[in-house]
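Based on the hints, put chain B in the right spot on chain A.
Listed below, chain by chain, are the residues.
There are 2 protein chains.
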Amino acid sequence: MHRIEVDAEISLLEENRKFAGENREFLAKHGVVAFNLMGATGSGKTLLIERTADSLGDRLKIGAILGDVAGDDDYRRVTKHGVKAKMVNTGKECHLDAHLIHHAIEEFGDVDLLFMENVGNLVCPVDFDLGEDYRIVIVSVTEGDDVVRKHPEIFRLADAIIINKVSLAEAVGSDVETMVRDARRLNAKAPVIKMDLKTGEGFEEWLEWLMDTYERARKLKG
Amino acid sequence: MHRIEVDAEISLLEENRKFAGENREFLAKHGVVAFNLMGATGSGKTLLIERTADSLGDRLKIGAILGDVAGDDDYRRVTKHGVKAKMVNTGKECHLDAHLIHHAIEEFGDVDLLFMENVGNLVCPVDFDLGEDYRIVIVSVTEGDDVVRKHPEIFRLADAIIINKVSLAEAVGSDVETMVRDARRLNAKAPVIKMDLKTGEGFEEWLEWLMDTYERARKLKG
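Which chain is which? The protein sequence lines are A and B, in order.
Residues 1087 to 1308 (this note's numbering) are what the first sequence spells out, left to right.
Residues 1087 to 1308 (this note's numbering) are what the second sequence spells out, left to right.
Pulled out of the complex, with its shape left as it was, chain A reads as follows (with noise of 0.2 Å):
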């Protein structure tokens, strides 16, 4: 029994790699730059998009797939700041996968920033690859100052980790330092940028970042 799942796990990965790959192509041909976004639920991924649209949109055309088992909410939200949306529900599955995203990106060959907002909890995401560019974690002081060494893996394989809400850090007694430097142990390539979206602590080291990151990613595309 055990072997059999296994081997079913195996392959559903190998059938994910394949749409990644194709995802990836057809961002390449389109010169679109894409983040897989990953936190838990009200972490801020959503916010983190409408602002980022607010601050870029007149600069950059920006899209978002967003992932949700169930409903509309966060279309509803983005799409009133500008933002190209499409909204996939995954039923039951706590990801997105590269499958769900292949349906989905054929629109979004003309935007310059893609964001595909992930399912919100901190490790389903970690393997499956959905043909991104970069992978972002986002994380709230409200989940406890113990989140980042949790879960390893999603934090050891980011591009960019937000630590969101550090304003509330005090009355929710979690300590942003103690975040930080778990997150430096596993990481030391990414930016642990410590932000609030609320008082817009943080937001234009976030924007720098990102703006960077896309330049670089632009170039590598030709």
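Calculated from the structure, these hints are not laboratory results.
Remember, it's a predicted structure, so these values are computed and weren't measured experimentally.
Treat the hints with care, since some could be wrong.
It does not matter which identical chain is meant; a pair holds if it fits inside one copy or across any two.
Pairs of lysine to any residue, SDA-like flavour, derived with a Cα cap of 25 Å [unchecked claim]:
1) Lys1115 <-> Lys1275
2) Lys1280 <-> Tyr1300
3) Lys1172 <-> Val1212
4) Lys1147 <-> Leu1306
5) Lys1280 <-> Thr1127
Here is chain B on its own, set in the frame of chain A:
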């Protein structure tokens, strides 16, 4: 029985993570930027270190921890090029791990740039975080032009991909563009550098990426 094996693997990776975290803290404290250099035997890992030391040795102090199952051949090679080096024999293991690096790393607090040359293969090193900043994969056209897609995970997680010995491609019947395309399908953020360490092709592009990445990492270490 299977359950016991799985548990043993998890605790092995947890143990590895602890040492990787300590290695990363040591490197941050001393401002050392580290590269996990992976590739099959004969792909050109050691020669890449030698040539890089020849080019950058007067600007940067370069170190190398050299992993091999047995022997000290690589040690004798790189020290001739001014590289501060230490050999690590893994015995029966087909990869470096963070604990082996932990034993060696203390001597490298005074270098600027540290290569961790992994054991020669494209499979075992994937799962073992060494505490490095960045991961480089080098592959030779003589390994066959299907070598990239046969080892998706290591290419997916690389920060730079080098395809070496391109001047031999025709002689060995490998199509370099197939290798580039396969790499691009797995990874859009890593530069894919077509190189020939004997003729010098692609070497400037490599140095440019390395110095750019080194500067970025130094800034993150503060």
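Which of the numbered hints are not met once you compare them with the structure shown?
As far as the earlier hints go, not one is violated by this structure.
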